[in-house]
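There are 2 protein chains.
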Amino acid sequence: MQVISLFLPEIRELLDARDFGALKRLLSQINPVDLAGGWDSFTPPEQAILFRLLPRRMATQLFEELDPRQQQALLTHVREVDIQELLSDLDPSETSQIARQLPPRLVARLFALMQKESAGQVEKMLTFPPESVGSLMKTRFVQLKPGMTARQALHHAQGSTRLSRIDQTYLDSLFVTDELGGLLGHVPLKELLVSPPDMQVADLMQGVPFRLTPEQDQEEAAGVFRKYGLGSAPVVAAQDKLVGVLVVRDVLEVIGEEDTEDIQKLGGSEALDEPYFEISFLRMVKKRAGWLCVLFLGEMLTATAMAYFEAEIARAVVLALFIPLIISSGGNSGSQAATIIVRALALGEVGLTEWWRVMRRELASGLALGALLGALGFLRISLWSQVSPLYGPHYLLVALTVGLALVLIVMWGTLSGSLLPILLRRLGLDPAVVSAPFVATLVDVTGLIIYFTVAAIILHGTLL
Amino acid sequence: MQVISLFLPEIRELLDARDFGALKRLLSQINPVDLAGGWDSFTPPEQAILFRLLPRRMATQLFEELDPRQQQALLTHVREVDIQELLSDLDPSETSQIARQLPPRLVARLFALMQKESAGQVEKMLTFPPESVGSLMKTRFVQLKPGMTARQALHHAQGSTRLSRIDQTYLDSLFVTDELGGLLGHVPLKELLVSPPDMQVADLMQGVPFRLTPEQDQEEAAGVFRKYGLGSAPVVAAQDKLVGVLVVRDVLEVIGEEDTEDIQKLGGSEALDEPYFEISFLRMVKKRAGWLCVLFLGEMLTATAMAYFEAEIARAVVLALFIPLIISSGGNSGSQAATIIVRALALGEVGLTEWWRVMRRELASGLALGALLGALGFLRISLWSQVSPLYGPHYLLVALTVGLALVLIVMWGTLSGSLLPILLRRLGLDPAVVSAPFVATLVDVTGLIIYFTVAAIILHGTLL
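Same order as they appear, the protein sequences are chains A and B.
FYI, the numbering for the first sequence is 1 to 464, going by our numbering.
FYI, the numbering for the second sequence is 1 to 464, going by our numbering.
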């Protein structure tokens, strides 16, 4: 976004002067990702001109970077031959991801212009769910047979690659399959290069530590890549038949998106699914309003709880003074615990069966943190009362009430904040839904009840 | 963690029976990452035995997975020859990362056992800051000259790779340098493989779209990888001299860590820097207590603010009932906005110069969200008053007070939540420090003032 703004005036100038030679040279120096960032500065007919002037490889990259709306505009404005070139350059997984977002009319047009073989592959990929491994995997890779020599294997790889465009075929690891396409192992390209030319593939072959299936969730696959530091992983269907390869670069994108979703949900919003400045205002407000309203309705229970204790407040207004302090301390400790556990679950650091260990740990943490805040609260009130009559003659009892309530509420916040995400995951729901604000709201309502109960016990006979 | 528990009893049995042959076979089937997860089940002498029984490549992988404490124990219990093998298998970047965490005594021992060339490289890498590109980059790569043919280039790559262990040399892209080691371009290994053998490297060579420097921050580099979908990027020192390569697999790890830090900070805790069950209880409580105390001290201002309005509360206890509802709505909308903007900043979706655009957008969002919650609040109070005398005869004025205060407080929460992270980033601080609880606390205090001011205006002459 920042970089492209330097180029925009010059592109505009050359476009207006129709100096397509100079424009072509300029465009070839701009990274397609940056160009995509400034794409909306041009009208659809201008976009079609720019697209045609780009070197073929960069045009493909640019197209992949555009959002569905921009892709649609482009597809309706460029010539058929450009679309055909584009389709032959895209990996079937990319074409299918694009097709998922286009209106049926344009999908039909794409399929009409596609080569028969590609059309079959893309159709197949569209049958996998949108967030599945199958919709992300590369489907062009090299298959070796165990009886080949290293020399033959290398020739075979070179041959298969020359047939298609170079960056389409996954070549970093070559997969060894049996007669029926069943996965036997793999040979890293590097290993093949430095092996004696007569060595057999069967002897060079390494076992495959992980196999994914096309139906698996992308987030789950990303977790495996992250944990085991994989560069790629084969994807197999029934009978261990190799159907694709998932590559770390594509996984990187998924991880970024998943983390963004988790962060936004933890912050008490639906996942926006689009960059901040790109999402329409209405859509953004809708995604944010949903949770805020739910939380608001939940928070209304605080008014109900407070009404229940109205008589106590009227008798001892001093109690009301500490309400924000107390409930927010519970809320803060709850948000903190929830965030830590949601992240630990996402990274696989904590398993569902370990709720018991989490509970023990958080019970102890809650006690320690609660004791700390409770002591601070007690000191604040009792010390302040040495210089001010604000909290009345029973200030020590008030300090004790606030201190004890803090211990209990922080413990309760910590415990519910940490166990709720595990419970949700157990129920098959997304633990990130237990946002920080969600836990805070829960603890606000229950915290009031704890506070006034403690007050009723300690202040009975004096203030209440 | 889950997987290894299946193997542990068998390993234990074979260890006790001293059946090292069977143990060796069993170990070769366990992924080193999983083995590292169960490492603490064994005593240091047992760990030394297991380490020696592992196939060499897996032993190296295991060692990299262990935490510094476990690495230390192992280094003091295995034979010198094992350490030497390990050191010759580790990439200098990995050795230096390990050395950073060890006590000086062990570092000295490592250096004594290292080959002279490696020692020099590791020493050099230790001069880079811990979170820098320099401390993460691979330093073994292949340099081509522009005058080579494709055939010569391939031979050269094979030769350099055979000299060291295969997975140490970065080979996916071969870098072309001039006489002085200055970076000219790169040739993907795949491209080299399918090119005519007599073609010149100069003609095959592609430009390098991104160069990093060793001093650069890893997080910044990760952002570039994420945005441009890179597989690797060359690292250059002064005069464009190629000194290393940063690879997407290592970046993946950094991204996971950075996201975890951001998430934990957003949740109102210091970054834990260690997995949930591995961090010691005391260290975890310390990291969580810091922010909770700061927030608590900040939240004490609510008690001060409340004390200032004590007379109003005593006169109109009904006002107190809505305090938790009102301040938490402000807090929730503020946390939401802060989270969205912190993430957008981290992903580079929003730049520092765009605060003006953010402000306009969030002002509008805040107004929309505030109006929504305000309307809900107004309806709740006025409808409830049709069936209950709880809110007194002036219930409409109370409803108006609460509704209007909500509009203003949600707007204020949204605005401060979104602009504070940008301000912090401008000051060179980490925007994730503006945690959701931090914003909530800020809005709690100011929200009370807004609420009582609105009340004073609307209820003057009736309740107040």
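Derived by calculation from the structure, the hints in this document are not laboratory data.
Some hints could be false.
[Said to hold, decoys possible] Ranges of calculated distance between the beta carbons of each label pair, as one might list FRET restraints:
{"no.": "1", "chain 1": "B", "residue 1": "Leu427", "chain 2": "A", "residue 2": "Glu117", "range": "29 to 37 Å"}
{"no.": "2", "chain 1": "B", "residue 1": "Pro104", "chain 2": "A", "residue 2": "Lys24", "range": "23 to 31 Å"}
{"no.": "3", "chain 1": "B", "residue 1": "Ile457", "chain 2": "A", "residue 2": "Pro129", "range": "54 to 62 Å"}
{"no.": "4", "chain 1": "B", "residue 1": "Pro55", "chain 2": "A", "residue 2": "Pro129", "range": "32 to 40 Å"}
{"no.": "5", "chain 1": "B", "residue 1": "Glu220", "chain 2": "A", "residue 2": "Thr213", "range": "43 to 51 Å"}
{"no.": "6", "chain 1": "B", "residue 1": "Pro55", "chain 2": "A", "residue 2": "Gly351", "range": "49 to 57 Å"}
{"no.": "7", "chain 1": "B", "residue 1": "Leu390", "chain 2": "A", "residue 2": "Gly351", "range": "46 to 54 Å"}
{"no.": "8", "chain 1": "B", "residue 1": "Ser28", "chain 2": "A", "residue 2": "Glu117", "range": "57 to 65 Å"}
{"no.": "9", "chain 1": "A", "residue 1": "Gln115", "chain 2": "B", "residue 2": "Gly120", "range": "37 to 45 Å"}
{"no.": "10", "chain 1": "A", "residue 1": "Asp273", "chain 2": "B", "residue 2": "Ser28", "range": "39 to 47 Å"}
{"no.": "11", "chain 1": "B", "residue 1": "Arg426", "chain 2": "A", "residue 2": "Glu117", "range": "48 to 56 Å"}
[Claimed, not checked] Derived coverage of chain B by chain A (criterion: at least 3 residues anywhere in the stretch with Cβ under 8 Å from a Cβ of chain A; other residues may be distant):
{"no.": "12", "stretch": "85 to 99"}
{"no.": "13", "stretch": "103 to 116"}
{"no.": "14", "stretch": "244 to 252"}
{"no.": "15", "stretch": "288 to 295"}
{"no.": "16", "stretch": "330 to 342"}
{"no.": "17", "stretch": "427 to 440"}
Yeah, the Cβ is synthetic: ideal placement off N, Cα and C, and Gly gets one too.
Find the hints from earlier in the document that the structure breaks and name them by number, from lowest to highest.
1, 2, 5, 6, 8, 9, 12, 13
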